[in-house]
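Enquirer: Sequences listed follow chains A and B, in order.
Its first residue numbered 1, the first sequence is counted upward by one per residue in my numbering.
Its first residue numbered 1001, the second sequence is counted upward by one per residue in my numbering.
Incorrect hints may have been included.
Straight-line alpha carbon distances no greater than 20 Å define the calculated EDC-like cross-link-like pairs of lysine to aspartate or glutamate that follow [said to hold, decoys possible]:
1) A:K302 x B:E1137
2) B:K1144 x A:E194
3) A:K302 x B:E1053
4) B:K1136 x A:E215
5) A:K302 x B:E1064
6) A:K302 x B:E1007
7) B:K1144 x A:E386
8) A:K405 x B:D1166
9) B:K1170 x A:E386
Calculated from the structure, these hints are not laboratory results.
Bear in mind that the values here come from a model prediction, so they are computed numbers and not experimental data.
Spelled out from the first residue to the last, the chains are:
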Amino acid sequence: MTAPQPSMLELDNIQHMLLTRVPAMMGRYEFLSFGDPAGGRKWLAEMVERVHSAADVVATLDSSQRWITLAFTWNGLRALGMPDDALVTFPDEFREGMASRADILGDTGVNHPDNWVDGLAGDDLHAIAILFARDAEEHGRCVTEHDRLLARCPGVRKVSFLDVSATPPFTYSHDHFGYRDRLSEPVMEGSGREPTPGSGAPLKPGEFILGYPDENGPPVNLPQPEELSRNGSYMAYRRLEEHVGLFRDYLRDNAETKEDQELLAAKFMGRWRSGAPLVLAPEHDDPELADDPMRNNNFNYKEMDPHGYAVPFGAHIRRVNPRDTASYINRRRMIRRGGTYGPHLPEDAHEDGVERGIAAFVICASLVRQFEFAQNVWINDPTFHELGNERDPIIGNQDGTFEFKVPKRPIRKVLKGLPAFTTVKGGAYFFLPGLNGLRYLATL
Amino acid sequence: MAAFDHEWSKPAAMAIPESGYFEMERGRFGPIFPRTPACYGFSIIAKVKPGREEAIRQHGKTLEAAVAADPDVLAVLKLHYLRWNLFPVGDDLYFQYLGIFDTDFDKYTEDAVMLFSQTGIDTVFTNLEGFPEDWKENPDGFVKFVREHHHPSFLEYGEYPYVTADEVKKALRLKAAFSDMLDQMQ
């Protein structure tokens, strides 16, 4: 492997979301439709001047109050006036869109696009503007400003929106189930970051950003024109409702003591809710370990947990990143961003029927090789790791017919008829252009 | 799963429709072919470029050496058996790659292509007509070739149906362990 070359990435042209997590406490996802190409381009021309590049965001992180990311569906690129001969150069999965790939992704039953909300499955979904804000006041200001801009742009319509915000306790990032997030993330060569121990070597940037060498070699099959595709990426959006009351009831019904309930929650995830990995803390939670980035990701499975006694083979993190037990893992890595939505459900409260969950983005250079593979094989394949009748206990498509096996001496524990702790409420495939691409689109 | 339900004890045969599947189920690269009593399989049949027979036969030696050097080199494919054949049809020579797998080939196609590239199996394919010239840089073209030249079977039989290679190895390991235990009891 060649040494990292910090100057290789065009950080001035890459949207910040690809490389940075910003200190936002709130956000708004605006889903848009362009009834008129000129109106859409007018909106984009004003917005592009406000988008932080990966270089800007680092230089202005302390002084910035808001951060904008823009991305487009294939229908959106067409609605902005892209010529047909360029549109056909995008890969099939992106052109078809997430809703059309439902069977491949496992979005069936209640997760089917027929049941999606926010107009996410429709052909008139053209763009997303992600408005992240440092606090509630800035959030309100950004939404008002954006509404004013929409009013100035003929034919640009808000299909729907979703507000996201951190959920308490605010001392660390976690979902509504209480699982700590952001503990394992791939690092790109040239990003200036060092992977934490256990996170693997830095990956070729082409695994995430178009126009750069990937783990297989030089870039191939780039969408045209290159002015649009270079520094761009693909982004799979998933809105997942988390059934927090059901999840807590399940833990209580299937484990007697509070400690055993925490252990069961950890077995589903592969980490304690604190974030401490089960491979390193198999019997008791270890919050200090969870807080230590030099240790909290430093484990493998093949040598340290070959039989799954710590992390069951079907546990969430063992599926979505099988580490040393998967072949060519470097071709399957993804970047995750996003936030939680809906109100916090206090620990002692019963299910209130209000929707809450995570609204996440999976960023990769190939939707079919990375995101769709993860959905199809790692998350929803019942025979993953020879398990026979399991899907991911947290985000797999569960219909009550699957089980979850917890390896244990002398006899494993089998939880039959696992309920669905999450439901897919919507999703879409977006292209996340570089700033060069945004300018190209604005001046079509 | 069938093997877990002791269906392995009852030999089974399955006749498969001409399409290769019973109901259309879409995978990432095309239709998903069903699991049969003989597990999953793949039969790639393609015409050999004129004068390349010896080159293809030589690759049998290449693979033999690769497995001898690293017995786990093909593990990613989840294989039971692999058979390569050359046979004439009229004046032409055809190559058949027949593999019996434990996974639906669609799921791990990219891994297989990567493995082919690393073990020299890919160069067998360069002797076949229609194989993309830019296969090294363009794995998608390799995937497309494999899908287009797959001929699904219309009958499959398993004497111990639906059993995976891992289960067979586990059972044999268990037998060995029991033998060892009995030895220790003497």
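Enquirer: None of the hints should be skipped; say for each whether it holds.
Expert: Cross-check of the supplied hints:
{"no.": "1", "hint": "A:K302 x B:E1137", "result": "31 Å, violated"}
{"no.": "2", "hint": "B:K1144 x A:E194", "result": "37 Å, violated"}
{"no.": "3", "hint": "A:K302 x B:E1053", "result": "41 Å, violated"}
{"no.": "4", "hint": "B:K1136 x A:E215", "result": "12 Å, holds"}
{"no.": "5", "hint": "A:K302 x B:E1064", "result": "27 Å, violated"}
{"no.": "6", "hint": "A:K302 x B:E1007", "result": "30 Å, violated"}
{"no.": "7", "hint": "B:K1144 x A:E386", "result": "27 Å, violated"}
{"no.": "8", "hint": "A:K405 x B:D1166", "result": "18 Å, holds"}
{"no.": "9", "hint": "B:K1170 x A:E386", "result": "12 Å, holds"}
In the structure shown, a violation is registered for the earlier hints numbered 1, 2, 3, 5, 6 and 7, in ascending order.
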